[in-house]
Amino acid sequence: MGKFVIKKTPSGGFNFSLYANNMEKIAVSSQIYTTKSACKNGIASIGKHAVRCIEENKIEDKTLKKVESQTCPKFEVYFDKAGLYRYRLIASNGESIAMSEDGYKSKSGCLNGIKSVSVNAPNAEIIDESIK
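So for the sequence shown, the working numbering puts the first residue at 162; every next one is plus one.
Derived from the structure by calculation, the hints contain no laboratory data. All values derive from a computational prediction rather than experimental measurement. Since no wrong hints were added, every one of them can be taken at face value.
Derived SDA-like pairs: lysine to any residue, alpha-carbon spacing no greater than 20 Å straight-line:
#	residue 1	residue 2
1	Lys276	Ala252
2	Lys209	Ala199
3	Lys169	Lys197
4	Lys223	Ser267
5	Lys242	Leu272
6	Lys169	Glu286
7	Lys223	Cys233
8	Lys186	Glu262
9	Lys186	Pro283
10	Lys227	Ser269
11	Lys227	Asp241
12	Lys164	Val280
13	Lys201	Asn284
14	Lys164	Ile287
15	Lys209	Ser253
16	Lys276	Ala181
17	Lys168	Ile193
18	Lys276	Leu245
19	Lys223	Ser253
20	Lys223	Ala252
21	Lys219	Gly208
22	Lys223	Tyr239
23	Lys268	Asp241
24	Lys168	Met184
25	Lys201	Gly173
Start from the sequences and build out the full structure, keeping to the hints where you can.
So, in structure tokens, the structure goes:
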């Protein structure tokens, strides 16, 4: 089971990071939330959407010459500015809610990151470090 860690940003907002069982950071929030409640709603959405995307094979690979578009929710695989593979999770409403913090050298590594999110996010413990 994974762990979400909520932190307060210098601007007073909230964000989160998702850690796998081995404490490797596998995803971060794609946005700054104005309230802790909204941040927790984003966390709940990740667990729900990530599992659905894996079950329905909704991974849109933007690294291919011919991209097969998927409806939301979906994971998107893309190249970052350094030419590394990254992923982001797009919610049903079309907004990005989580993404890989670091790039991957291989597509298979990136896909393993996506699978790790779908395994670790549901029922993950939530640790609130914003109150420290």
